Amino acid sequence: MSNEATLHGHPEVQTVHEVHHDEHGVHHHKETFITKYVFSQDHKMISKQFLITGMIWAIIGGLMSVLFRLQLGYPDAHFQFLEDILGSKWAKGGQIQPEFYYALVTMHGTILVFFVLTGGLSGTFANFLIPLQIGARDMASPFLNMLSYWFFLGASVVMLSSLFIATGPASGGWTSYPPLSALGDASEGSKTGMDLWIISMAMFVISSLLGGLNYISTVLNMRTKGMSMTRMPLTIWALLFTAVLGVLSFPVLLSGFILLLFDRHAGTSFYLSDIFLTETNKALPNEGGSAILYQHLFWFLGHPEVYIIILPAMGLVSEVMSVNARKPIFGYMAMVGSLFAIAILAFLVWAHHMFVTGLNPFLGSIFVLLTLLIAVPSAIKVFNWLTTLWRGNIRFTPAMLFAIGFVSTFISGGLTGIFLGNSTLDIQLHDTMFVIAHFHIVMGVSGILGMFAGIYHWFPKMYGRYMNNTLSYIHFWVTLVGAYLIFWPMHYEGLAGMPRRYFDYSQWLSFNQFGGLNRFISTVAMITFAVQLLFVFNFFYSIFKGRRVMTRNPWGATTLEWTAPIRPGHGNWPGDIPEVHRWPYDYAKDGRDFIPQTEPLGPNESAH
Amino acid sequence: MAQAIPAGQKWWSGGKSPFNVEYGKLMMWYFLMSDAFTFGAFLISYGTIRFSSNSWPDPNEVFRAFPGMGGMHLPLVFVSLMTFILIMSSVTMVLAVAAGHEGNRKKVAFYMVLTIIGGLMFLGCQAWEWTHLHGEGAWWGRNPFLNVNGSRASTNFTNFFFTITGFHGFHVFSGVCINVIMLIKTLRGDFDRRGHYLMIEKAGLYWHFVDLVWVFVFTCFYLL
Chain X
1 MSNEATLHGH
11 PEVQTVHEVH
21 HDEHGVHHHK
31 ETFITKYVFS
41 QDHKMISKQF
51 LITGMIWAII
61 GGLMSVLFRL
71 QLGYPDAHFQ
81 FLEDILGSKW
91 AKGGQIQPEF
101 YYALVTMHGT
111 ILVFFVLTGG
121 LSGTFANFLI
131 PLQIGARDMA
141 SPFLNMLSYW
151 FFLGASVVML
161 SSLFIATGPA
171 SGGWTSYPPL
181 SALGDASEGS
191 KTGMDLWIIS
201 MAMFVISSLL
211 GGLNYISTVL
221 NMRTKGMSMT
231 RMPLTIWALL
241 FTAVLGVLSF
251 PVLLSGFILL
261 LFDRHAGTSF
271 YLSDIFLTET
281 NKALPNEGGS
291 AILYQHLFWF
301 LGHPEVYIII
311 LPAMGLVSEV
321 MSVNARKPIF
331 GYMAMVGSLF
341 AIAILAFLVW
351 AHHMFVTGLN
361 PFLGSIFVLL
371 TLLIAVPSAI
381 KVFNWLTTLW
391 RGNIRFTPAM
401 LFAIGFVSTF
411 ISGGLTGIFL
421 GNSTLDIQLH
431 DTMFVIAHFH
441 IVMGVSGILG
451 MFAGIYHWFP
461 KMYGRYMNNT
471 LSYIHFWVTL
481 VGAYLIFWPM
491 HYEGLAGMPR
501 RYFDYSQWLS
511 FNQFGGLNRF
521 ISTVAMITFA
531 VQLLFVFNFF
541 YSIFKGRRVM
551 TRNPWGATTL
561 EWTAPIRPGH
571 GNWPGDIPEV
581 HRWPYDYAKD
591 GRDFIPQTEP
601 LGPNESAH
Chain G
1001 MAQAIPAGQK
1011 WWSGGKSPFN
1021 VEYGKLMMWY
1031 FLMSDAFTFG
1041 AFLISYGTIR
1051 FSSNSWPDPN
1061 EVFRAFPGMG
1071 GMHLPLVFVS
1081 LMTFILIMSS
1091 VTMVLAVAAG
1101 HEGNRKKVAF
1111 YMVLTIIGGL
1121 MFLGCQAWEW
1131 THLHGEGAWW
1141 GRNPFLNVNG
1151 SRASTNFTNF
1161 FFTITGFHGF
1171 HVFSGVCINV
1181 IMLIKTLRGD
1191 FDRRGHYLMI
1201 EKAGLYWHFV
1211 DLVWVFVFTC
1221 FYLL
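Which chain is which? The protein sequence lines are X and G, in order.
Mapping to the numbering used here: the first sequence position 541 is 541, numbers consecutive.
Mapping to the numbering used here: the second sequence position 138 is 1138, numbers consecutive.
Treat the hints as calculated values from the structure; they're not laboratory data.
Heads up, some of the hints might be wrong.
To be verified - If we take Cβ atoms under 10 Å as the criterion, some of the chain X residues that face chain G in the derived model are:
(1) Ser161
(2) Asn214
(3) Thr218
(4) Asn221
(5) Gly256
(6) Ala266
(7) Pro568
Stated by the list, open to error - Stretches of chain X that chain G covers, calculated by requiring three or more beta carbons in the stretch to come under 8 Å of a beta carbon on chain G:
(8) 242 to 255
(9) 268 to 281
(10) 287 to 296
None of these values were measured; they are calculated from a predicted model.
Virtual Cβ for every residue (Gly too), placed ideally from N, Cα, C.
With the hints as constraints, model all of the structure from the sequences given.
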């Protein structure tokens, strides 16, 4: 029986473990360089493709933030090298030009939110962990899985190419609100750059859909014998809910983009009404449209999107934390329940991004209530992580440090969410640096710390080698301290009313006082960025020269991926897929350090 | 000749399956859910804009033409015919799926041909309707039809009409393509070799979904 038939649910599939393992050995089909590294259908290779593409994007997106921090920290300085590199259109006289600044913040947001923390994070870990942790040979449909990566890469190529066109990339903010984004005459970035942005994002939506459908059906249908839903590691639960969020929210964004495309090129008025354009000194004929409509469609995705980013990080952190605290995760069912609650609430809170758009205040109050409700499952998760650490036998591996760092930033960023969720406070705080500080800490930094925890923890499984610990520790401490030093002062600036997205604050008397603070933030941002390059070096150096992993289960973990060979082939396990007999968190039980999921229950044990 | 899938077939090799279905079918259901959100977003956008407008053109006045009948006033007759054709193609799809359960290749092929013809007829009708409306001066960004209260209407009536029926038409077109592929695979005997006609069932799910969406599009644009 072929691999295909196994994966596609042939009538004999139920007996596959017993009889059909012989063809599933490590070398069950011939692989050329192209099928192994390029058009690979192996979930592990696709995961690495997502990871490395995501890392390249993270470097580009991070570098952009360094450039605009340079402008914010030193608005009067002339950096001749900028003009040499970027040309006189974008950096005339060594000073970043306003149009370029807006393009930078727009692309920074788009790249980090979608290409790094959605594609890079979910794409990497859903692909890598789902089949390995639930005991499957591969994804439900390896072919669609490959397409998912190739659409992601296509989206990446289009987005990257938009950086090099004459009018520059999209520059209307990562949210691309019309009418600015709909009118090519309104700004340079709303010309071809905006079209490429929309095309790239549409391809991204397709990639996310193909991936998400695969993740869901794999988790629901391809688990090994004994792996009931409540025996799944929390990573898998988190990735399942992430996929559901993506499958249900991205299509709405696609609809919004299609309408936007028509407004741009077909003379429609979906989002446009009563507009006078000073650039061309003309009144536009459009009437009857609503710019707020776009905001609804955008944030119906936009809000679930932040959970698409944070849920996988939560899952990775839960797993890493339990393994390294040598304790069962505290409140497994509460963890699953709170993930579920967050996934539901994700769809019911989008309008809290729109409190000051003229939303009906009564409607606003309902969204306040639903928004603040999210604090409940979030707090449950935080307390469960803290109680998992409590009296644990903690091993401070780099992954564990990043996991603890995640909890720290998730708490401090989450608390400011309670401020922003109140529609009255939002009148003062909306569109200020306070918002920047909030979502960077709770979503950006937490998301990336969770991702680092995952990378450091599963690197030995991915490449069969360890990463360098010293570099990892330097990376962790500088990143965590740097992140706080960058974003903590921004709360202060935001409370004082300093708006976000401004090009040069020194023009305002009231914000002049923050000149020194801005320089400080910019300096720390550069140092923190440089340390990320240390991580990149460590990553690639360790792939080739790192210390070899000599045992199958270097961390002493219970889950299935560590029962596979050190460098698993396509098919993951030579011979039978392991059978599961217990939940994945049997640490420090009955006087034993850990009991793998594959070990049958002892005579004095009850099933979990 | 393979038989239909025995009842109670276990698709899943774990302990207790939440859904006793094959993965592709599950995937199709989730895809349809996702697609329902796409159409839902379109139709809700349409509703939002329409209810924020003072007045709106009367569909009985706009959609009153029938091919070959000249200027006769036949409100909604043509679109009723279109709807009937599409629903009939759903019926033939059901029969194809049923024939697949029997493992009857000839019957499957026959009903797939009918379904494809139904889909093509629907697309032809839509092409005629679009051409006709375009001839009357309607297009994206142009709306010759007056509001029901006699005032000049915004272009959003035609904007939404062409965008949403166009998006639906694109789905019908994709469905026809899928059905043609399924027909070819049926005729080549691929499903007999595989032992089941599940692919026909999955194509059927998609086809019924496209029909169901049309019911909503029809209601929103022609009846309300």
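Structure-based check of each hint:
1. Ser161: violated, 26 Å
2. Asn214: holds, 7 Å
3. Thr218: The hint holds - X:Thr218 has a Cβ within 10 Å of chain G, the shortest such distance being about 8 Å.
4. Asn221: holds, 5 Å
5. Gly256: Holds. Min distance 7 Å.
6. Ala266: holds, 4 Å
7. Pro568: violated, 19 Å
8. 242 to 255: holds (count 8)
9. 268 to 281: holds (count 3)
10. 287 to 296: holds (count 6)
Checked against the numbered hints given earlier, the structure breaks hints 1, 7 and satisfies all the rest.
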